[in-house]
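Student: This is what each chain is made of:
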Amino acid sequence: MTNPADTLYDDIRDLPIVSPHGHCDPAWFASDAKWTTPTDLILTPDHYLYRMLYSQGVSMQEMGIGVPADQKDPRQIWRLFAAKYHLFLGTPSHTWLRYMFNNTFAIDQPLTPASADAIYDQIAASLASDAFRPRAVFERFNIAALATTDAATDPLVHHHAIAASGWTGRVIPTFRPDAVLDPMDDRFASSISDLAQITNCDTATFEGYLQALMAQRAAFAALGATATDHAAEVLYTCWLDDPATYYAKALDGTITRAEAAQFQGHMLVQMARFSCDDGLVMQLHVGSKRNTNKALFESLGRDVGADIPVATDWVHGLQCLLDHCGNHPNFTLILFTLDEATYARELAPMAGHWPCLRIGPPWWFHDSAAGIARYFDQVVETAGYWNLAGFNDDTRAFMSIPARHDVWRRGVAQHLGAQVQAKVFDLSDARSLAPLLATQIAAQTYRL
Amino acid sequence: MTNPADTLYDDIRDLPIVSPHGHCDPAWFASDAKWTTPTDLILTPDHYLYRMLYSQGVSMQEMGIGVPADQKDPRQIWRLFAAKYHLFLGTPSHTWLRYMFNNTFAIDQPLTPASADAIYDQIAASLASDAFRPRAVFERFNIAALATTDAATDPLVHHHAIAASGWTGRVIPTFRPDAVLDPMDDRFASSISDLAQITNCDTATFEGYLQALMAQRAAFAALGATATDHAAEVLYTCWLDDPATYYAKALDGTITRAEAAQFQGHMLVQMARFSCDDGLVMQLHVGSKRNTNKALFESLGRDVGADIPVATDWVHGLQCLLDHCGNHPNFTLILFTLDEATYARELAPMAGHWPCLRIGPPWWFHDSAAGIARYFDQVVETAGYWNLAGFNDDTRAFMSIPARHDVWRRGVAQHLGAQVQAKVFDLSDARSLAPLLATQIAAQTYRL
Amino acid sequence: MTNPADTLYDDIRDLPIVSPHGHCDPAWFASDAKWTTPTDLILTPDHYLYRMLYSQGVSMQEMGIGVPADQKDPRQIWRLFAAKYHLFLGTPSHTWLRYMFNNTFAIDQPLTPASADAIYDQIAASLASDAFRPRAVFERFNIAALATTDAATDPLVHHHAIAASGWTGRVIPTFRPDAVLDPMDDRFASSISDLAQITNCDTATFEGYLQALMAQRAAFAALGATATDHAAEVLYTCWLDDPATYYAKALDGTITRAEAAQFQGHMLVQMARFSCDDGLVMQLHVGSKRNTNKALFESLGRDVGADIPVATDWVHGLQCLLDHCGNHPNFTLILFTLDEATYARELAPMAGHWPCLRIGPPWWFHDSAAGIARYFDQVVETAGYWNLAGFNDDTRAFMSIPARHDVWRRGVAQHLGAQVQAKVFDLSDARSLAPLLATQIAAQTYRL
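Protein chains in written order, with our numbering: chain A, 1 to 448; chain B, 1 to 448; chain C, 1 to 448.
Next up, chain A with everything else stripped away, as it sits in the complex (with noise of 0.2 Å):
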């Protein structure tokens, strides 16, 4: 008797890839220009190979981190990553590598310090041919949609660039305003000044900030923008009364930890409330606490791989923007947790209820094979399967879409075949889950 498992992958194996979420870099649509080396293409941008490396006593001078491009020899880092590359054994790096080298790349070897060289040159003869160069790669991987993800500064030259050029791929910034709304951030005050700047709003008063804002949302829009997201390390949402004192303490930097995390708070409802007027979907990234290893942070900057988790209080973090949001019927949040004991505990009972909200994926460390088992395990029965966002893929590494969608697939269909053996439901109720697992319900949540 055929696995139903297999027969619902093999449904939904070749559909259009939906990307609703990620950090690909535009300027590679708009261009088009040919990537330059395997290594600059496929390890330097992926903070998940080097932190594993790390760990392991690799330096990141080694891996070429902070490294300026003149200095550093990419076959020597491929090579060093050939000799490391059992140590991602078990991971969902070594997955997606794995399914990028043979199926992207034709390769047919294993990587070891003796293929090394080989898959070297292999790798960077594609990348140096027509067919790889980056828009002709976005529809071999049959990308109906890929967002990235913008400061809400960002005057969009690659996205207009895009749109100008008559390409037809589909790609979308994402409004990320957390720079503008944390007076903590290193980056507020030069930000508020970049954002007066791009909207030509005053931006000295709570008004004209407000103003502005409004005015990079619809700017984000009218070029594709279908939703925001925004960072938090520790959830909280408030309404204060009088907003624009905080703002003035923060354009003065007379500002304490406390107000600014009070403000931050009140921000995330005012954009929620902005959300439920201009029907871009909100997204909360909610629990990493960045920059924890202090000595990397100072000499090689933000986001070397020592982001950690931490535990997330969604129930009374969220209170507050839900009392104002919860119920309207044009707001839709995404909330995306970095702690799995709140799947059951909270996220699938609050989205089994609240109408605006959507359960986002499994999110960073949590992307993988087991950790997708684990999400339909702690959040269906509860939630149900429409109040889920769908996938995404969240990645900078644009070479690892297709694997990333692929095991997200494969674990839909392991849980819906494990579902249909289980008589939950019978095989033609899988089969129309399983492509709505796969794109419609990302494509439907984030208004595609």
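Quick caveat, the hints were computed from the structure, so don't treat them as lab data. Predicted, not measured: the structure shown is a model, and the values here were computed from it. Some clues are possibly wrong.
Same chains, same names: a pair is fine if it fits in one copy or spans any two.
Computed list of lysine to aspartate or glutamate pairs in EDC-like fashion (alpha-carbon distance at most 16 Å, straight line) [as the list claims (entries may be wrong)]:
#	residue 1	residue 2
1	Lys34	Glu139
2	Lys289	Asp323
3	Lys289	Asp313
4	Lys423	Asp406
5	Lys294	Asp323
Given chain A's structure and the hints, the job is docking chains B and C onto it.
Tutor: Below, chains B and C alone, put in the same frame as chain A:
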């Protein structure tokens, strides 16, 4: 080779139902009046159903919640439900309803918009027959005992009527004193007044209040009650030097929120001490934040699906109560959690030490096939089987009772069968454990 | 087709045992005296056993705990245990005992009240033979190395005796300084005094105290120690400007509880810095609330089964220590948790970044078949295999050691076999990982 889970399920499938905790209406069995419509019996009492529908944009009004009886059309509500039935795929509600349709009402077609009217009519025809009067169904369900949950101030007229009727069905009350223990409960003042009236005690003094509580516990026990039930959002227990002072403030409305928490924490310990004396089994349901949707609460009141779990700290929260009563040989305390992170971390280690403790079955959002599997996986290795409390259905949806016990029994069989296959113990051990878990341990724990 | 798990288990089943952390008594191997009774060897040292019996109404006295040797009847205790043996069905204790009965004592009948005496006699007869002296059993168990746990002030007379005896069995101490680091420990004052005496350092000054600690670390290392071990209920680390002031208050008994926590947090960082210098691997066991049963603690003292886990925050708790030593190439820190919610949320991401960190195996209540499965499921995808610390049995029940390692090895084989079946990697990869996880990585991590 036969799957041992199949053998085990066959062993226990048809055992009588022991239902030691739930929320059925004793009036049904007192009057034995026919139920009215399928909608009023099956949909309206079931907050699992309308919370999911609400999350997908169906208003409470459309489902008839808060609508006067003469202004709602039960058939129309049924049709709406049928149109949205797919939303429940993968949830226990779907499993329960399917079981009830198939087994209780002998319906052999799935519920769809096309079949909605026919199924409605078939159920309505059943309900119009004597065979579907409450007592007849109770007997056909093979229920050995059914506990209801009743306010401490309830005069228990229906339980008196059942006792007086000569009917042999065992329907017993459970003493639920939340409203007279928590000064912050909006029913506190009126409930204390009711308590005085029903017991003829002088509840103006703390001493009289304690006497009244003891008197009502005895009155419940006289009608067959074997248990009390207590709820707390945040677990806290303590022993005050001067509870009378707090009580006086509670009565005259000058008590602060912090003092009220202290008083309630003291009274939980007091209730445990009463249980040591009178032998009523104490149940503690912790971690539900009630009525989190303010707009719905203000328009429709309690229990409209917006109760959400929060994290629970059993170790510190229960310390004082255990200091007082934890080693008492006559004391049984059953703990129910909505925070599965506490299964392996706190509840199993605690129940594996304290003689009084039993771990309640998966509760509410976790009463499901996967929730049951996680429960066994996480509690048994530390607590063993004899420190579990067995199953209870905790439902106000009477028609779902056999379905809920069936899901548990299947879960028992799956778990034990897997242990047999993993050679943790052999099939003969499993065949002695299966009926223990299906019914015996619940009867023992609740002293039925 | 052969199940890959079977192949993998066959590969590793008979490898030597590496036991780098545990609580066996070194006196056994120093004197090599015969053990006395089955009860004293198997039941009395095992708090897993009497905690479960206590939870089911067996008193500590009945089990002989706290009873003078001349007033207890070991055979009677054995019979009582046999009568209650079914309570352990489904727990790892049952698996361990069965393995020991079958494999170590060649007993082929199950323990029941009827067989209790015969089994007692058979074990007693074995223990009376030279083949069951401690060193002979150690060798038959094929133990490559066994670490004990010893107070920082321990004169290590038994370890000296073992070294002097010429016996080749490798039994090494572990430096456990809790009592000299925590001013709230009731053994603090006497332990500091012992420390002065044993090292000849002037512990009246903070400088002398640090010198004494360094001296004892060196004394332990000279006897083969490769590791230290530290416990904390709540994890906290900090670096004080004036630790000497705190130390002076600790000595004269005027330190507050809050200051004591600061001092202990400082000393944990100090210990990490010592490890950077002397290369002793640091172990941190966090999250056990000790002696929660006040009545038992007052009558019987420590370690009578009422230690219960509490939630742990590794990210904030470890920050200061990692700021100081996290990137040091000579530092290894092994983290043990009782809060499985931290596996995927904190420990795996942290170990997947920091070069010093290794994740300890499932500890205590989680050292079980299902606990091991959850561990692999939740840590490997983020941390990989090389950031794990391998297995240790952490036991004072010497006879259970082979059984405990066998449960781990079966868990390794099950996990890796399932990965092979899911095509995460192939069987040849799994066959290189299996011995790594069974013994090699433990030996490497502990620098054995």
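Student: Now tell me if each hint is right for this structure.
Tutor: Against the structure, the hints:
Taking CA atoms no more than 16 Å apart as the test, Lys34 paired with Glu139 passes inside one copy only; the shortest distance there is 15 Å, against 64 Å between copies. Taking the shortest alpha-carbon separations for Lys289 and Asp323, only the inter-copy value of 15 Å comes in at or below 16 Å, while the best intra-copy value is 27 Å. In this assembly of identical chains, Lys289 and Asp313 lie within 16 Å of each other by CA distance both inside one copy and across copies; the values are 14 Å within and 13 Å between. For a Cα distance limit of 16 Å, the shortest separation of Lys423 from Asp406 across copies, 14 Å, qualifies, whereas the shortest one inside one copy, 25 Å, does not.
In this assembly of identical chains, Lys294 and Asp323 lie within 16 Å of each other by CA distance solely across copies; the values are 6 Å between and 38 Å within a copy.
Taken one by one, the earlier hints all hold for this structure without exception.
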